[in-house]
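**Student:** Sequence:
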Amino acid sequence: MMKNSLETLSTELQERFIDIILKTDIAYNELTIEVPAKNIFQVCETLRNRFDFSQLMDLCGVDYSQYKQTNWVTKTTSSTGFSRGVNKDIYKNNDPRYAVVYHLLSIKNNQRIRIRSFAEGEPPRMDSVTTIWNSANWYEREAFDMIGILFDGHPDLRRILTDYGFVGHPLRKDFPVTGNVEMRYDPDKKRVIYEPVSIEPRTLVPRVIRQDNRYT
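Numbering-wise (the numbering used here), the sequence shown opens with residue 1 and increments by one.
If you're looking for bench data, these hints aren't it; they were derived computationally from the structure.
Keep in mind that a hint or two might mislead.
Claimed, not checked - Pairwise CB distance ranges, derived in the manner of DEER restraints:
1) Gly121 to Asp58: 20 to 26 Å
2) Asp156 to Ile26: 34 to 40 Å
3) Tyr67 to Glu195: 32 to 38 Å
4) Lys189 to Pro123: 29 to 35 Å
5) Asn134 to Asn109: 18 to 24 Å
6) Val167 to Leu22: 33 to 39 Å
7) Glu120 to Glu7: 27 to 33 Å
8) Val192 to Ile26: 45 to 51 Å
9) Asn29 to Val192: 43 to 49 Å
10) Arg184 to Glu15: 58 to 64 Å
11) Pro170 to Arg16: 35 to 41 Å
12) Gly121 to Glu7: 33 to 39 Å
Bear in mind that the values here come from a model prediction, so they are computed numbers and not experimental data.
Beta carbons are placed, not taken as given, at the ideal position from N, Cα and C, and that holds for glycine.
With the hints as constraints, model all of the structure from the sequences given.
**Tutor:** And the structure:
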């Protein structure tokens, strides 16, 4: 019943947004649609008003820069080791890097839908949906803080998890695991100060599992 219901919803959405929806997919009892960034506000507003998706359950940013990259193949290696783990150029491609994912719930129809939209430009930008769902306010601030996606029309777009003076976006795949600076309280200056990070970065190489009689 659920699958049939989602298939019907998918068909209705494709007919309603015949020139907008790029593709649809049904998995784990949830419908996913992909929408261009320029149409995201229009589609979200219609989903709330015409299809009764009254609640925005979640909104997050995604960095696809390393998507589908097999960085840590543990069956084989070369004389130079796991070069993909340290070679940043391996991640360069022409595919869109940043996306915003929305999870919506229709209480009336007992349906869930996921929307994915790739942000455009540099820095990446997306229209805010705070005027459609109030809950988007803090979600969009988090996506801005962690990923660096700007939401046009947001009433108060500022950091929400990191410090006001923080530089960078921690959930970007190219952001250092150790960060760029560290902070501590200085008893002499009687305030918190920032210093260069003291932890030395290192590349973690997984154990290679070889299928031969030495390990049986």
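**Student:** Against this structure, judge whether each hint is valid.
**Tutor:** Structure-based check of all given hints:
Between Gly121 and Asp58 the Cβ separation comes to about 24 Å, which falls inside the hinted range of 20 to 26 Å. A hinted range of 34 to 40 Å for the beta carbons of Asp156 and Ile26 is consistent with their spacing of about 36 Å. Between Tyr67 and Glu195 the Cβ separation comes to about 34 Å, which falls inside the hinted range of 32 to 38 Å. A hinted range of 29 to 35 Å for the beta carbons of Lys189 and Pro123 is consistent with their spacing of about 34 Å.
Distance hint check: the CB atoms of Asn134 and Asn109 are about 21 Å apart, consistent with the given range 18 to 24 Å. Distance hint check for Val167 and Leu22: the Cβ-Cβ separation is about 34 Å, which falls inside the suggested range of 33 to 39 Å. Range check, Glu120 to Glu7: about 30 Å between beta-carbon atoms, so the 27 to 33 Å window is met. About 50 Å separates the C-beta atoms of Val192 and Ile26, a value consistent with the hinted range of 45 to 51 Å.
At about 47 Å, the CB distance of Asn29 to Val192 agrees with the hint of 43 to 49 Å. In this structure, Arg184 and Glu15 meet the distance hint of 58 to 64 Å, their C-beta atoms being roughly 59 Å apart. Pro170 and Arg16 have their C-beta atoms about 38 Å apart, which keeps the hinted 35 to 41 Å range intact. Between Gly121 and Glu7 the beta carbons are some 35 Å apart, a value that agrees with the proposed interval 33 to 39 Å.
Against the hints set out earlier in the document, no violation occurs for any number.
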